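Enquirer: Take a look at the letters that make up each chain.
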Amino acid sequence: MTKEPIRVAVIGGGCASMAAVWELSRPEHDGRYAITVFQEGWRLGGKGASGRGANGRIEEHGLHIWLGFYDNAFRMMRECHAELEGQGLAGLFGDWREAWTPENDVALFSAAEDGGFQRWDAHMPPRPGLPGDPLPEGAVFSLPYYMAKAFDLFRALVLDTTVDGRGLGPQPSPDGSADVSGAVAYLARLGAFAGAAALAEGLGVLATLLGSASRALDAGALASAEAICARLRLWLEDRWLADDQHRFLWEVADLTLATMWGLIRNGVMFDPAGLDAIDDYECREWLRMNGASVRALQSPFMRGLYDLSMGYEDGDLERPRLSAGQGLRGTLRTFFGYRGAFMWRMRAGMGDVVFAPLYEALTRRGVRFEFFHRLTNVGLPPKPPRGGSDHVRSLTFDVQARTRGGAAYAPLVTVAGRACWPSAPDLAQLEDGERLAAEGWNLESHWDRRRAGENTLEVGRDFDLVLLGVGLGAVPHVCGEILARDARWRRMVQDVKTVASQAFQVWLTEDLEALGWRGPAYITGAFAKPFDTWCDMAHVVPEEAWSGRPRTSVYFCAVLRDPPEPPNDGDTGYPARRTQEVHDTAQAFLQGPVREVWPSAFDVSGEFRWEILADDGASLLSGPERFSTQYWRANVNPSDRYVIHAPGSWRSRISPFDMTYDNFTIAGDWTDSGFHSGCVEGAVMSGLLAAHALSGSPKLEDIIAYDHP
Amino acid sequence: MTIRKGKAGDGGRVRRPMAGAGRGPNRASAAAAASPAKTTAAAAKAKTSNDPKVSDAVAHAVKMGYDVITENIRQGREAAEKFRQGEYRLRDAPGDLEVASLRLLRLARELSTTTFDVCERLLKELGEQRPPQDRTAEVPKFRDTIPFATLQPSQSASAAPQGPPSLKVTVRFEGAPKALAHTEALIRPRLPTAASGITAAPLAPSGGQGAPITGVRFEMDASVDGIVAIVSVPKGQAPGVYSGIVHAQVDPLPLGLLTIELL
Numbered sequence: 001m002t003k004e005p006i007r008v009a010v011i012g013g014g015c016a017s018m019a020a021v022w023e024l025s026r027p028e029h030d031g032r033y034a035i036t037v038f039q040e041g042w043r044l045g046g047k048g049a050s051g052r053g054a055n056g057r058i059e060e061h062g063l064h065i066w067l068g069f070y071d072n073a074f075r076m077m078r079e080c081h082a083e084l085e086g087q088g089l090a091g092l093f094g095d096w097r098e099a100w101t102p103e104n105d106v107a108l109f110s111a112a113e114d115g116g117f118q119r120w121d122a123h124m125p126p127r128p129g130l131p132g133d134p135l136p137e138g139a140v141f142s143l144p145y146y147m148a149k150a151f152d153l154f155r156a157l158v159l160d161t162t163v164d165g166r167g168l169g170p171q172p173s174p175d176g177s178a179d180v181s182g183a184v185a186y187l188a189r190l191g192a193f194a195g196a197a198a199l200a201e202g203l204g205v206l207a208t209l210l211g212s213a214s215r216a217l218d219a220g221a222l223a224s225a226e227a228i229c230a231r232l233r234l235w236l237e238d239r240w241l242a243d244d245q246h247r248f249l250w251e252v253a254d255l256t257l258a259t260m261w262g263l264i265r266n267g268v269m270f271d272p273a274g275l276d277a278i279d280d281y282e283c284r285e286w287l288r289m290n291g292a293s294v295r296a297l298q299s300p301f302m303r304g305l306y307d308l309s310m311g312y313e314d315g316d317l318e319r320p321r322l323s324a325g326q327g328l329r330g331t332l333r334t335f336f337g338y339r340g341a342f343m344w345r346m347r348a349g350m351g352d353v354v355f356a357p358l359y360e361a362l363t364r365r366g367v368r369f370e371f372f373h374r375l376t377n378v379g380l381p382p383k384p385p386r387g388g389s390d391h392v393r394s395l396t397f398d399v400q401a402r403t404r405g406g407a408a409y410a411p412l413v414t415v416a417g418r419a420c421w422p423s424a425p426d427l428a429q430l431e432d433g434e435r436l437a438a439e440g441w442n443l444e445s446h447w448d449r450r451r452a453g454e455n456t457l458e459v460g461r462d463f464d465l466v467l468l469g470v471g472l473g474a475v476p477h478v479c480g481e482i483l484a485r486d487a488r489w490r491r492m493v494q495d496v497k498t499v500a501s502q503a504f505q506v507w508l509t510e511d512l513e514a515l516g517w518r519g520p521a522y523i524t525g526a527f528a529k530p531f532d533t534w535c536d537m538a539h540v541v542p543e544e545a546w547s548g549r550p551r552t553s554v555y556f557c558a559v560l561r562d563p564p565e566p567p568n569d570g571d572t573g574y575p576a577r578r579t580q581e582v583h584d585t586a587q588a589f590l591q592g593p594v595r596e597v598w599p600s601a602f603d604v605s606g607e608f609r610w611e612i613l614a615d616d617g618a619s620l621l622s623g624p625e626r627f628s629t630q631y632w633r634a635n636v637n638p639s640d641r642y643v644i645h646a647p648g649s650w651r652s653r654i655s656p657f658d659m660t661y662d663n664f665t666i667a668g669d670w671t672d673s674g675f676h677s678g679c680v681e682g683a684v685m686s687g688l689l690a691a692h693a694l695s696g697s698p699k700l701e702d703i704i705a706y707d708h709p
Numbered sequence: 710m711t712i713r714k715g716k717a718g719d720g721g722r723v724r725r726p727m728a729g730a731g732r733g734p735n736r737a738s739a740a741a742a743a744s745p746a747k748t749t750a751a752a753a754k755a756k757t758s759n760d761p762k763v764s765d766a767v768a769h770a771v772k773m774g775y776d777v778i779t780e781n782i783r784q785g786r787e788a789a790e791k792f793r794q795g796e797y798r799l800r801d802a803p804g805d806l807e808v809a810s811l812r813l814l815r816l817a818r819e820l821s822t823t824t825f826d827v828c829e830r831l832l833k834e835l836g837e838q839r840p841p842q843d844r845t846a847e848v849p850k851f852r853d854t855i856p857f858a859t860l861q862p863s864q865s866a867s868a869a870p871q872g873p874p875s876l877k878v879t880v881r882f883e884g885a886p887k888a889l890a891h892t893e894a895l896i897r898p899r900l901p902t903a904a905s906g907i908t909a910a911p912l913a914p915s916g917g918q919g920a921p922i923t924g925v926r927f928e929m930d931a932s933v934d935g936i937v938a939i940v941s942v943p944k945g946q947a948p949g950v951y952s953g954i955v956h957a958q959v960d961p962l963p964l965g966l967l968t969i970e971l972l
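First to last, the sequence lines map onto chains B and C.
Once you know that position 372 of the first sequence is 372 in the working numbering, the rest is easy, because the numbers rise by one and skip nothing.
Once you know that position 71 of the second sequence is 780 in the working numbering, the rest is easy, because the numbers rise by one and skip nothing.
Hints are computed from structural coordinates only; laboratory data are not their basis.
Quick caveat, the model's predicted, so the values are computed rather than measured.
Keep in mind that the hints are not guaranteed to be accurate.
Claimed, not checked - Here are the computed lysine-lysine pairs in the BS3-like style, where the Cα-Cα straight-line distance is at most 27 Å: (1) B:K497 - C:K850; (2) C:K877 - C:K850; (3) C:K887 - C:K877; (4) B:K529 - B:K497; (5) B:K699 - B:K3; (6) C:K877 - B:K529; (7) C:K944 - C:K887; (8) C:K850 - B:K529.
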């Protein structure tokens, strides 16, 4: 092996690529890898990119919340922040605990049978540890472990779930005196739930048995477990018939039971394939087969699961599609794998909190970044070498713009004392920057192919190893030669589905409480279509640079339906049309379903009070036109498309370990990573695997939950 | 990127190391190859159920599980008994609350009784229940939310729903070639109630002529959202409208009127 550094070309700057680069650039490698990251446009982040716009406001691709089980991602970021702090940059990026704050409250909405909505709040109990901590001694990810935890949650839900603001405890009367009848009702409920807890305890003991005895369980014990599940289902039916007020509780219990039952009777508990054994099933179909009731399948919990994972094929809300195995894997890890808090909110934009510190730390480690490089082709030899393995021979890029004098592009700006990514490139650093501005070049649009030149890198001359970390939607556009040669890659791009998404943000001069929203800041799911998921982001506003600070900002996001025929590469107006569509939809949404949750945002005539949209006095717009001062976007670029996990698609995913091309690996939430979901953690896990594929490090056992069933 | 000399040509190419799993790995095998912990776990999984010590342990733990349930039942009964004896000082409550309190006491007692009955049944019937056969699952669409374009100010759902909670009812007929149901919902029972615990008075003809229909039963059917009323129509039953009051056995207040029409 040569002592010269091995030159690694990394394509794309999203979570997966950055995780791989973080590993390959570790000081422990002693400079073995000379890494260059090639990035389209002016910023890192991929689907997690964000920028700062007017008033230093944060402009995101969508709504990003880190879940409490993102152990690998948190570990990377904790290391990154610690490294920067050690280099005297704590003031610029802060401790990771400043960058993320815990959130344990979730609100879901369900469509009521008589129209309208019912709101369901859940408070998830804090749990020991912090995400990214080393796993406790003896901790295992196993299905028996989850079975035991399921009933811990069952009890937590009984105690913590409230409906429409009414908890299970006695409520104070308006004059502050104790409400005796309320207290009695409370005790009555406790009586009922104590019975549930007893049944759950029995199940918990059986689940413990399953964990301790492993395969040794005899048929009688399994039959007993099933029988308890069956009895508990009848018990739930009785409760449900009478107790509409706690319907959500019973629905979650119903789904939990169906899961437990299904895991037992389908033999998933001890199947070497783990949850992949049921990944050919559609999630709701599998639950239905295992006894989940129709009402539970329509519950806000299920709706929220599909909404949060954007599990709608082609963005069509009439075609919910999630695989059962990954659906359960995600749910189990979400509910039973979190540490510290159920969710973690980022202090500012994901670009600011994640990709700015990564960029700074990686640059200091010697990683090079080539911005404005759009990959157009991964070149292969005409034929695989006889008797040898295939490899990547060349990488061709459109050079979208060149920096003045060939200097390195400095991508970050400072807002409120923090290093951030801007929402637009700094054209002053670019050759012909004025012309680019005058002609309106969009350096992040797939359909804007204008460029300053082309650059082709050759293996052996310019690079040794390649890590492809672009979004899956971009693969057909850059890997034409591989697709022509390799049927597995063709299957992958056909079977692993992606969807477009849409998002909008509003900045408000009144906080949500004043607008009629009850309760603390929440992430809210299963709300009205199309913007079914939204979150109060008041905590990020102080990070912005308004002269007259808004009281809050709220982010909305959702899937965006694809047209019947995909746009061709020459349709340069496509992104603008879809963006205008999002604008119109968002504007109408504010006048429509938002009334459900912010009733005081409407005047006596029923009109949305557009004047509550903050624009820092820069605009005199009023009425609906004032919405044009806010932020919206359509994520229709191929690389921006969100990866969903459709039934059976796991068979078509390709692993970063795949050795078909011996100097090439892949990273992204679309690979076979062990967590097949479009999320930060899936991407980071894939990046770690790609780093392992290139360098043998990190060890697989150090990738948390890689051994998850 | 820096251009270096002396490394061109396939023979000198840098290749990836062989990863733990090789081409197209199963991640379990990859992890097993790389991780001693996984290997240990796999070995643990390989134990068989023929080990008598393990079977004994299973039997013991199952018994412990039942003991836990039994203990919970015992504690619940004690709590219910205290409730019944009024140890919560409800007599100190203002007089106008007394009726409500007594009703709630009864509710609590019946809740507990129902719970205990189910627990006892559970203990007796362990092992009798068999899992359903696999079948093609018919999964309904998600319930539509309000089309926002049509939402009017007066439809704000922030207001609490009015009236008693309703329970959807689907009526199915046995033995009647042509019949209609005129009832789509009942009042939801106030107490935990099995579907079999709901009954309907004989469905009497609206004009008072002819024999009433007595064959009405209620069932849960997970394929519909609500409960199912099954009306068994005798041969030769006269056409007309029939109706009967529906009750839950645990509650004297009627749940509504079940009305059908034979054509």
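Enquirer: State for each hint whether it applies.
Expert: Quick rundown of the hints versus the structure:
| no. | hint | result |
| --- | --- | --- |
| 1 | B:K497 - C:K850 | 21 Å, holds |
| 2 | C:K877 - C:K850 | 17 Å, holds |
| 3 | C:K887 - C:K877 | 22 Å, holds |
| 4 | B:K529 - B:K497 | 21 Å, holds |
| 5 | B:K699 - B:K3 | 23 Å, holds |
| 6 | C:K877 - B:K529 | 25 Å, holds |
| 7 | C:K944 - C:K887 | 12 Å, holds |
| 8 | C:K850 - B:K529 | 14 Å, holds |
In summary, this structure violates none of the numbered hints.
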